[in-house]
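S.K.: Below are the chains, spelled out letter by letter.
Protein chains: 4
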Amino acid sequence: MASCIRRLSIAVSGLGRIGARHANHFLHHTPRAELTAVFSPDPREITWAKENLEPWGVTIYTDYDNMLKHIGLEAVCIATVTTVHAEQSIKAIKSGKHVLCEKPLSTDLSLCQKVLDSARAHPHLKVMCGFSRRFDSSYLAAYQSTLAGCIGRPTILRSQTCDKYDPSVAFVQYAQFSGGIFVDCNIHDIDLALWFLSAGTPDKGLPKLRTVTAVGVTALEPALAKYGDVDNGIGIVEFYDGQIAYFYSSRMNAPGQHDMTEIIGTSGKLSVNAHPTSGLLESHLANGIHRDIPQNFFERYEHAFVEEAKQFTDAVLDNKPVPIDLESSIQAVYIGTILQESLRSEKKISFDRKGNRVKEWNGSAPGIAESQIRAEL
Amino acid sequence: MASCIRRLSIAVSGLGRIGARHANHFLHHTPRAELTAVFSPDPREITWAKENLEPWGVTIYTDYDNMLKHIGLEAVCIATVTTVHAEQSIKAIKSGKHVLCEKPLSTDLSLCQKVLDSARAHPHLKVMCGFSRRFDSSYLAAYQSTLAGCIGRPTILRSQTCDKYDPSVAFVQYAQFSGGIFVDCNIHDIDLALWFLSAGTPDKGLPKLRTVTAVGVTALEPALAKYGDVDNGIGIVEFYDGQIAYFYSSRMNAPGQHDMTEIIGTSGKLSVNAHPTSGLLESHLANGIHRDIPQNFFERYEHAFVEEAKQFTDAVLDNKPVPIDLESSIQAVYIGTILQESLRSEKKISFDRKGNRVKEWNGSAPGIAESQIRAEL
Amino acid sequence: MASCIRRLSIAVSGLGRIGARHANHFLHHTPRAELTAVFSPDPREITWAKENLEPWGVTIYTDYDNMLKHIGLEAVCIATVTTVHAEQSIKAIKSGKHVLCEKPLSTDLSLCQKVLDSARAHPHLKVMCGFSRRFDSSYLAAYQSTLAGCIGRPTILRSQTCDKYDPSVAFVQYAQFSGGIFVDCNIHDIDLALWFLSAGTPDKGLPKLRTVTAVGVTALEPALAKYGDVDNGIGIVEFYDGQIAYFYSSRMNAPGQHDMTEIIGTSGKLSVNAHPTSGLLESHLANGIHRDIPQNFFERYEHAFVEEAKQFTDAVLDNKPVPIDLESSIQAVYIGTILQESLRSEKKISFDRKGNRVKEWNGSAPGIAESQIRAEL
Amino acid sequence: MASCIRRLSIAVSGLGRIGARHANHFLHHTPRAELTAVFSPDPREITWAKENLEPWGVTIYTDYDNMLKHIGLEAVCIATVTTVHAEQSIKAIKSGKHVLCEKPLSTDLSLCQKVLDSARAHPHLKVMCGFSRRFDSSYLAAYQSTLAGCIGRPTILRSQTCDKYDPSVAFVQYAQFSGGIFVDCNIHDIDLALWFLSAGTPDKGLPKLRTVTAVGVTALEPALAKYGDVDNGIGIVEFYDGQIAYFYSSRMNAPGQHDMTEIIGTSGKLSVNAHPTSGLLESHLANGIHRDIPQNFFERYEHAFVEEAKQFTDAVLDNKPVPIDLESSIQAVYIGTILQESLRSEKKISFDRKGNRVKEWNGSAPGIAESQIRAEL
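Protein chains in written order, with this note's numbering: chain A, 43 to 419; chain B, 43 to 419; chain C, 43 to 419; chain D, 43 to 419.
So here's chain A without its partners, still in its complex pose:
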């Protein structure tokens, strides 16, 4: 007896570390979706796809545009390198596909804006940026508590993203196009700040940016400095109406991946992952008690990624709003770039209530394109 279920035909673009995961999730763990096509320009990724995806009936493309023409294709999950996220998103939208794009849309705000313009020009299409933590059960529970008023007004948010140090990873080279540590790592924390603090703004909209300050050090990788980057960064973002977020990111956390978040309200605090662990096992050995923590973001967020795929699919099939607003995702990139700018300029950067930068004494005005973007958002 054949299935009569309506399933979303989706393709995954890019089959690197995270793309392969997305492909696997849409293929095997998202019942209402059907992975029908994938794209990769990389021979090794294609070899992997031939072995792991093709036997399940997935068509492999080495040309992104051709993939978009796959018969019946309805949606694309974009998981290529960041530099082509925006272009691929726009192409997909223009060819009438729903889009789930890995974060960030781009490290270039004007490109982000173009994706937003495309999405607005195609309001029947769902376009979402994949911030996986929003689908993690612990963060979801924290958000429900926040909405329920358990902590009063959310006022301060502290959040960190700390990766295990891996000397074999060429993150110095990677720093050239990652956008820097605040865009690459803290983008998740910024997104969480926008999400949680919105619950406490006067109009429940995005909190309004007021000042940005960032500092950092190159503790293990001095060569990062030539790209204006660091391996440990700390940033403070003030919002209007009395809210503050502050962030820490590190590429040298010894035991593994340790991100954590505190949402501090006027009558309580929610703490996510203050006591990190990779499971429920502890070893009581001669030199003390030990536990492991996740080694990377994927071990930490595996189930969140599956839930993300599911909720995006549901939003498309049931024509519901996607769970993450695109403007918010672009604002997260914007704040990340301003933090990175503050790191490099060693300046505190201020904004007026309309989101325009407050001109500074030395005449170094922000780029025009940028402030226009801000005014429009």
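Simulated from the structure, these hints should not be mistaken for laboratory data.
Same chains, same names: a pair is fine if it fits in one copy or spans any two.
SDA-like cross-link-like pairs, simulated, lysine to any residue; straight-line CA separation at most 20 Å:
id	residue 1	residue 2
1	K206	S309
2	K401	S387
3	K352	N66
4	K136	N108
5	K389	K401
6	K352	R63
7	K250	E388
8	K352	H70
9	K362	L167
All figures in this text were calculated on a predicted structure; none of them were measured in a lab.
Let chain A serve as the given structure and place chains B, C and D on it in line with the hints.
M.R.: Positioned in the frame of chain A, the structure of chains B, C and D alone reads:
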């Protein structure tokens, strides 16, 4: 492009709380398996199946024997009430199907033995009893540590199964056929004891039963007494060659499901779930710090059930041994029934090295069938 | 200006590991007490006392009877080897001194009884057995919660005492006079059981003993067997009116001292030390997260010992009842000896409601003296 | 027999919340010290002293200068209101007394400098500012680990001081003279930063200040704004040579006192109090698992205060350096005042390697006295 993957055609028998989960897992989360048929005699379960399974191409049967004749069916997952587990398993085996049966095979040892006889008569079929904890990542990590010698020789095992008290559950009535608290709840703990302690027996085989003692109280449900049952039970099982397991089970754990296990070796201890939590969220509120724990076994073991389905499927398709030995599963039932007998008789029950009961002063010898079963195992 | 505070003149008998601690506490951390004398027959201990106590004005005696004659002495803290606890207690009582005696009074019940007789004959004297855990802040908080009804009726108590394995300790030799692991280690757990479960007995008195079962293994020290002892013991004690305590003791806990207790009531559970740690520090290193635990009972209970000294002193000076009832302390020893007997005889031992042993099939009646003691208590 | 121990004759000035504690510690828990005198101008405090101190032979003074003339007095512990710390310290030093002064010496840097000048003019006297956390066992263990190189080079320090919100405390009025939240609360965190980061500076000296940024909000007490203060503050302090400390302070932590510190090095992290708790008790109740945390700094640091008294006494009697360097304590105040200034001015404040402020665009140079102090330190 069509899939060319070989998938296992499996049916699920019984669509109650746990059966519906199994159906869902084989349908949506076990890529190499295909749920093709289900059986239930229950109108509400059939209504559920029509809504949730039939649209995916699953055939619904109201007659178990007919389901076994489903074209191409290769395996059956049995999740009906315990009283028909054995009969359905034997029928499935005799019709050439691989069997994954929910624990326990039966609370009647002679029926367990018959399933074992059938399985032995069909050695090309995979027959496994589903003890889900063996597929939980924390228990698996503990087992790997044990095998790796991290704790020396495993010597003492403490394990508990504590369910949230639910006054609406008719567990007094349920006690009539559950086999009692040691068979119903601690069976998992007993299975864990056999698994972990085997790593420390002289021949790496099952530890040999030496004595069994159990006590209990009816703290919340005095009516349990008429079925020889309790709502809190404590048991000690001694094995030959210096190993002991001790167990606690309770039906009145206030915040939810809290099972935990300690595997104590000559040079270390592994502790699973000493610090129970349902996730990574803690709430810091005016009256202290709070966290939640899973509300039931399914919240606790959801991913383990998925892994169980996957490993069973792999074992069949790849013709590998199933991960849980059937004799071990029957031995777990046996120990559970002896614990229950010890609870009822208020006696400590002893066995010789061959597994025969040591005759007691009052002449109340164990049933003949039982000792024969033991001698054979 | 001189102090006009009335202070209790107290002596400490025995300056071994625990005696030296008591001396220090009464000398420096019990403001209302004044350590005026000490007794030790051991030259090394005397050397220590000359250096550490004598300069503070403490008189050292090498004869216990002479120490009792120290001018103005009002109380004695007895911390010698267990074998002389009872004799020294009785002598102190007879010479009109208040007594704080380290646990146990004796491993010989008839000697315990004699101390009790002496104490009853001198009702104006305070006589207390020092069970330090009762003065630990976590246990005290648990007890307050229990009394406040937070967990309903206390029904099940689980408690363990696990010492760090120290191959240099001659505990095989020590086993000859320690009374065995249930008397030596679990005595504290038994005392806690009597304390907490009393809050749930019909008359708030001591719970009435019903059955005792114990087992054990010699995992690291086979030579213990010749003294009828083990290095890992598990015992169950049933009480009348639906209460059970079960215990574990071990001499091979790898990382240090880990005792813990759960008090399980009809509507909640209190857990003391499920997440052991020696402080608030965790180390996040390349191979995971680590923490230490106390290395011995003194690290764990240091502040409890100080509190014990303080409360005993207050009870004497203010003529209040001592916080631990002497009958309860003797009952703890009694239960410990019965557990040890059950371990050795491999029998479950039963009692009627009056506390008399139920005669067993093989005619091995309990000793007469013992049952008389029980009847009287 | 009288004591022949040499004990330090010490007085306590101020018997408020913290002064009464100090008096108690020197009186009862510092064996080598003898509390001989106290000073308070407050009738309620004097009443308390008459009841609690006088009977132990302590002389009460209502005039500080008279107290300094107490026969045999050798040292003074100053625990009055902050505004007289410096003056009383200088008087004590000039009269030849050793000084343990509560933090901070003053919120006025020039007064701090005067104390330092006095101390330097009397090098035989011990002068120490009491930063109690340095005597906490968990912080001490972390410091030992840091010195032992367990975490590589200490690079980033995060530290927070969060007090329980107490609407009855007049902290708005208090804000007038507290120096502000960064001086009042985070001073401890700053001191910890100086302590731990010194272990990673090129010369093991104090880390050299580079930039200071602070922000804050008045979430619960808007009236704080009129004193340039906030109830939640966040600050970042950059040091030269690649070290950063960042701080959070709050006066609205719902469950109680929660300070915590992370010391992040190039190969590991030490975490103090990430999992706050007031003991080892957890309650498993119908609505989840609960634990309490300390209600105030004293519950958290009680034993650290005792240790501080002991180590100060030992330093004097044994003529050893005091454990906390006075320059470091003044630098902590200085950094706190700069953070507070940054909060108020909304500017990032920079320093050159010599510690002089980098002149800012608007011409608002730092006070001359201040930069001179910095140059000298």
